[in-house]
Amino acid sequence: QSVLTQPPSASGTPGQRVTISCSGSSSNIGSNSVNWYQQLPGTAPKLLIYSNHQRPSGVPDRFSGSKSGTSASLAISGLQSEDEADYSCAVWDDSLNGYVFGTGTKVTVL
Amino acid sequence: QVQLQQSGPGLVKPSQTLSLTCAISDDSVSNNSAAWNWIRQSPSRGLEWLGRTYYRSKWYNDYAVSVKSRITINPDTSKNQFSLQLNSVTPEDTAVYYCAREFNWGYWYFDLWGRGTLVIVSS
Chain X
1 QSVLTQPPSA SGTPGQRVTI SCSGSSSNIG SNSVNWYQQL PGTAPKLLIY
51 SNHQRPSGVP DRFSGSKSGT SASLAISGLQ SEDEADYSCA VWDDSLNGYV
101 FGTGTKVTVL
Chain H
1 QVQLQQSGPG LVKPSQTLSL TCAISDDSVS NNSAAWNWIR QSPSRGLEWL
51 GRTYYRSKWY NDYAVSVKSR ITINPDTSKN QFSLQLNSVT PEDTAVYYCA
101 REFNWGYWYF DLWGRGTLVI VSS
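Taken in sequence, the protein lines are chains X and H.
Residue numbers for the first sequence follow our numbering, so the first one is 1 and each next one is one higher.
Residue numbers for the second sequence follow our numbering, so the first one is 1 and each next one is one higher.
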């Protein structure tokens, strides 16, 4: 029932570039900043990108984010085996007056 | 180092109340630059924000529409913690429940998470 749509899966070989989309609406992505979270198996989500494209300290620069209109994207360049995880976008929704998360994308390194 | 320590039962019977607590170390539940959230995750629903409590001269709460009639999030300043109560649970409420700090570092985001508590709703 999430209002943010992501592809369920994405994959690539080591070194490749993988892109994950997050599609929303004018009341969420269209109005507010998007954050991305990475979740390794069995652990809590960890902040990966904030304010659409900013990287917290310690996050490798192979991770990048962007936003255009009511959609956002996360790109992983130079894919590495340790990038195998679930990735979710999140944003405040002005109509719902609450946070909404994306449906989540599982990235597999082939 | 700021940490969130979750506690509460892992098994709740249908129609009963789910209760979890999140203890905060090295920060304050009354911090004007923070909000204290509950988020859950299940295979069928993914990550789902449930609600938050925060202090800005007085206490405020925001709740997700999906659980608004059943949820209460309360701060406890004497113990520096906050709690989640979810009433009238059904098996659909089975999930891993996380507490999380939302902090204003110039931008708001969930920067700190508890380890998660698996709660199973079953008789």
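Keep in mind that the hints are not guaranteed to be accurate.
Result set (DSBU-like, lysine-lysine): computed pairs, CA atoms no more than 30 angstroms apart in a straight line [what the hints assert, rightly or not]:
1. H:Lys68 / H:Lys58
2. X:Lys106 / X:Lys67
3. X:Lys106 / H:Lys79
4. X:Lys46 / X:Lys67
5. H:Lys58 / X:Lys67
6. X:Lys106 / X:Lys46
If you're looking for bench data, these hints aren't it; they were derived computationally from the structure.
Each hint, compared with the structure:
A C-alpha spacing of about 21 angstroms is found between lysine 68 (chain H) and lysine 58 (chain H), which places the hinted pair at or below 30 angstroms, so the restraint holds. Of the supplied pair hints, the one linking lysine 106 (chain X) and lysine 67 (chain X) holds, its CA atoms being roughly 20 angstroms apart against a limit of 30 angstroms. A C-alpha spacing of about 38 angstroms is found between lysine 106 (chain X) and lysine 79 (chain H), which places the hinted pair above 30 angstroms, so the restraint is violated. Of the supplied pair hints, the one linking lysine 46 (chain X) and lysine 67 (chain X) holds, its CA atoms being roughly 20 angstroms apart against a limit of 30 angstroms.
Our distance criterion of 30 angstroms between C-alpha atoms is broken by lysine 58 (chain H) and lysine 67 (chain X), whose separation comes to about 35 angstroms. Our distance criterion of 30 angstroms between C-alpha atoms is met by lysine 106 (chain X) and lysine 46 (chain X), whose separation comes to about 15 angstroms.
Violation of the numbered hints given earlier is confined to hints 3, 5; the remaining hints are satisfied by the structure.
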